[in-house]
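Trainee: Here are the chains, one letter per residue:
Number of protein chains: 4
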Amino acid sequence: MKRIAVLTSGGDSPGMNAAIRAVVRVGVRKGLEVFGVERGFCGLIEGRIKKMSFNDVAGIMEKGGTILRSSRCEEFRTTEGRKKAAVKLREHNIDGLVVIGGEGSLTGALILYEEHTIPVVGIPGTIDNDIGMTDMCVGVDTCLNTVVDAIQKLKDTASSHERAFIVETMGRESGYIALVSGLTTGAEAVIVPEVPVNYDTLSSRLLEERKRGKINCIIVVAEGAASAYEVARSLENRIGYDTRITILGHVQRGGSPTAFDRLLASRMGAQAVHALLNGDHCTMMALELGKIVHVPLKEVIENKKTLDMSLYNLAYQLS
Amino acid sequence: MKRIAVLTSGGDSPGMNAAIRAVVRVGVRKGLEVFGVERGFCGLIEGRIKKMSFNDVAGIMEKGGTILRSSRCEEFRTTEGRKKAAVKLREHNIDGLVVIGGEGSLTGALILYEEHTIPVVGIPGTIDNDIGMTDMCVGVDTCLNTVVDAIQKLKDTASSHERAFIVETMGRESGYIALVSGLTTGAEAVIVPEVPVNYDTLSSRLLEERKRGKINCIIVVAEGAASAYEVARSLENRIGYDTRITILGHVQRGGSPTAFDRLLASRMGAQAVHALLNGDHCTMMALELGKIVHVPLKEVIENKKTLDMSLYNLAYQLS
Amino acid sequence: MKRIAVLTSGGDSPGMNAAIRAVVRVGVRKGLEVFGVERGFCGLIEGRIKKMSFNDVAGIMEKGGTILRSSRCEEFRTTEGRKKAAVKLREHNIDGLVVIGGEGSLTGALILYEEHTIPVVGIPGTIDNDIGMTDMCVGVDTCLNTVVDAIQKLKDTASSHERAFIVETMGRESGYIALVSGLTTGAEAVIVPEVPVNYDTLSSRLLEERKRGKINCIIVVAEGAASAYEVARSLENRIGYDTRITILGHVQRGGSPTAFDRLLASRMGAQAVHALLNGDHCTMMALELGKIVHVPLKEVIENKKTLDMSLYNLAYQLS
Amino acid sequence: MKRIAVLTSGGDSPGMNAAIRAVVRVGVRKGLEVFGVERGFCGLIEGRIKKMSFNDVAGIMEKGGTILRSSRCEEFRTTEGRKKAAVKLREHNIDGLVVIGGEGSLTGALILYEEHTIPVVGIPGTIDNDIGMTDMCVGVDTCLNTVVDAIQKLKDTASSHERAFIVETMGRESGYIALVSGLTTGAEAVIVPEVPVNYDTLSSRLLEERKRGKINCIIVVAEGAASAYEVARSLENRIGYDTRITILGHVQRGGSPTAFDRLLASRMGAQAVHALLNGDHCTMMALELGKIVHVPLKEVIENKKTLDMSLYNLAYQLS
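Residue numbers (the numbering used here), protein chains in the order written: chain A, 28 to 346; chain B, 28 to 346; chain C, 28 to 346; chain D, 28 to 346.
In case anyone wonders, no lab produced these hints; they're calculated from the structure. Just so you know, nobody snuck in bad clues.
Identical chains blur together in the list; that is why a pair holds if it fits in one copy or across any two.
Restricting the straight-line Cα-Cα distance to at most 25 Å, the calculated cross-link-like pairs of lysine-lysine (DSS-like) are: (1) Lys77 with Lys238; (2) Lys241 with Lys78; (3) Lys57 with Lys238; (4) Lys77 with Lys241; (5) Lys318 with Lys331; (6) Lys57 with Lys241; (7) Lys77 with Lys115.
Chain A on its own, in the form it takes in the complex (with noise of 0.2 Å):
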């Protein structure tokens, strides 16, 4: 192995850039050249590869977002898109390419190597948290962050006033960051998609804390279960409670990666120049027990994470 590439896909996640530098600095001190792919998996169809030397990762680790920037790729789901991907490697004699983004761009990744050989080894990166057998996907903790401050911030103002505020997080068919961060907030409910909400219990919940003395609460949805407005309209409707609403958005996507999320995608992205040396191919890096360890893409594909309900049980206990 003597040419590697780099690319990030789908939806951005901070530390993404982290990983990026890691894997040119571990490249370069092993002896290889280091290709950066722009805009994923589209970038390589059409050939945006640039050779990426130490210097050019210099100062990226602190920053969100990715220098080779991201795209959701329509073309590399069709055979011929994968195949233009595959012919644009071989030109540029890229033995081995490690993608860096959520379950779409890992998959991608998995049929390239099935259907081209192109050795390929993944990195988790995405902030839903909903990639399996690893502990934490890079991007996760910065995002959680983000999101535990705004509520936080919401708190101080909730406690001058009679109010709901429901907060609306990113989250298309993982709970993770909803749960999480209400949880982590006390919010006084969570909506997830993975369990159904139901509004009436919900109200009945609400209105028998307003009899203890709660003169307000917070609640958190994932915008794959419900958006800010159905269920401010709901409990409007039901219990007659004035709402504030909150939408984060690509807020939770930004910010100076973590100290967790930095050395998270620092260890990955030397992890993966490893792996791809050793012949360690189709594998993604994960974390395991503090380690990092790789584990077949297949079977990651295979099985994706669930929301640990045993959570979103302690945060009902706790609030």
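Starting from the structure of chain A, add chains B, C and D where the hints point.
Mentor: Chains B, C and D alone, transformed into the frame defined by chain A:
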């Protein structure tokens, strides 16, 4: 003057607690008895008045919200309601009242003085920065930093994608928060209630910038000018932009106050006690040339602060 | 088991309040009476034990420090002292004790169990991350982010000048904080107690980097390895660098806990109650594979965590 | 006026980049060619002058430090050095110079004007807030918030222990940072260069407070008044306090600038270009009554700002 009271009214703003602390501590040091009124003018009408000691305000300066809680009080808008309030103050032998709040609250204080000759002094506490005759109001600085932090996070992720991000800020009648947060983050456009928005012009400008290579943009809109959804639809229809929305909501009212707000609030709180003692009644504490001065409350109400259009122009020159 | 108590001991760490909250709330939900012991083992000996209700722990999760206060207790190191403590627990009919603290505190808990068969469970709370058999301790993550933020600020100004900046972090025997904060900020060198420092080698390396164009450097040193002043003098003498010093001190122990620490502490606090109820005595709550497990306290004490040298090497590879 | 240059000099302060950005962008919009001088007056003497475009300053407003780098330049203090600088400016046909920096740098600009009639305008950039005739200098607000955040973290842990915490801040001749950060965190004492410290009085006061129940205290000291170690020793010797030390050092110069500093710097940068174009030479941009005005540089230098003793007294009244 022997006994004074303090209350917070209307929308809360960060730094109100620092002002309460200063009123209580300086009052006590001056030999006064100081009382806190809960829930603003509503609490005054209901007689929710309790004595506060030096230690009761320990550790509150750094907290967002207001420990006295706040309210918007319909009853106080009636002659009847204000009479009840005056009676309660007299029952408690309270000789002077400090009102911390925005325009509505200060107007209330003025009328209370005019109708019942209750010695009042006001402290401008609002995130809108729309109160005349003072450089800044308590809470504006913290709010601005919260919005700036959020937009800065958006910029991280924005640079990874080709999209328009719309951020809706507070500001029903005042565009200050939207304008200054946009200016200080280099947002591509700012939409404020004071300047009618022309979506055709805006769309043309964004298209031109796209031609020059800017693949994404951030637009900050004050809630009083348009909703984020309206802006998004307008751009999508006209120029086919993929848009993403952030609505910060009451997050903007919270947060531990900045050094600026703590200092401003502490100085205004201290001066409010001096003003009461010196017979400078029916005044508002104002920041002028870096000093705290007393300005007539009546003039404050008659001279609402308007948006500084030179800042509006500067935002466009710099973006 | 009907009545349990909880205490915090030794150096405080962010997240201890979240753990206290979880112990109290889960305890109360399970029908137990829960008591808080003030000032750690000292307070236990003095009988400073008070009942805590569900509401007593409202709004504390987000606070640094510990509402129960802490201490290092010399008397508890004596047979006599521990006997007094056991007597006090029996006087209050307390059936189980949760001890939140670092190695010394957990050792104290172990001996209390061995000498007096008091059912104890431990929660690892320390910023040093030197406790065995658990991936992380409560407080480490917050501390790391505090140090990373500070170093990141230094980097801003460092890049404007030609200097060496020395940052002294906590860590008397453990270099974890220094190492990981250095790694995640791209510091040029990290000095830890576990690896003897050679100033000649260090100086040569810095000189070489200067030749390659790096005009400034950041060196992170754990207090147990050397003082910032010692490092500064060594570099000034050898290579004439202009140096600047930062000593963060106890700032590192404070701050609102991160999402990670809140979650870890909440889960460990909840599990500690379950462990007491299930008769899993003399265990410590540990994070393993993303789950909270119970490990024997004795083994924890016998297996101190050592520095992961692969991280040390990675720090140098990436810098 | 066709060609102008901008430089940053002396200790850097957060917001300098926002000022550079505004000078460049407003200059370009006004049809000027704008040049950046690297490393302050040293770079000027060496002719390190490069043209800057609108895009060269994209994405720098949010960064601490200064992209032009800074220096303290001994040679510029000589007639000879300043002559070289003037020659370089003439060689590049530069008609006007914007100097961003503190008192020494602005004095340098004044002399350059007086000796060589180079049109100069100054922007006060320093964390010391010791420059006359302006309410605030660029960088002070960010620095204050950094110190306040650190002290606030200390307070968390302080309340868990019985100790005195000494925080040393920047401020060789000015106690502003120490005073305001102490005032806005409720520190028990503030030691500044402007007021001689009496350790006996201080010790008595602390002892009295201990008697009233305050078991810990925070003392903020400006480096120009005493070192943290000196304060610690003085207290330990007199009243046997256990002390802990924090020295923030250059961390105080860094950090992403606050909204206030970004706005102030942007406005001053824009006005500096207007001042050069309008022939308002040898002036400094100043904040006065919330507006940016031009004040004669000579008067600025002759009227150093002194500490506002009413703030000093307020700090004690409130603590």
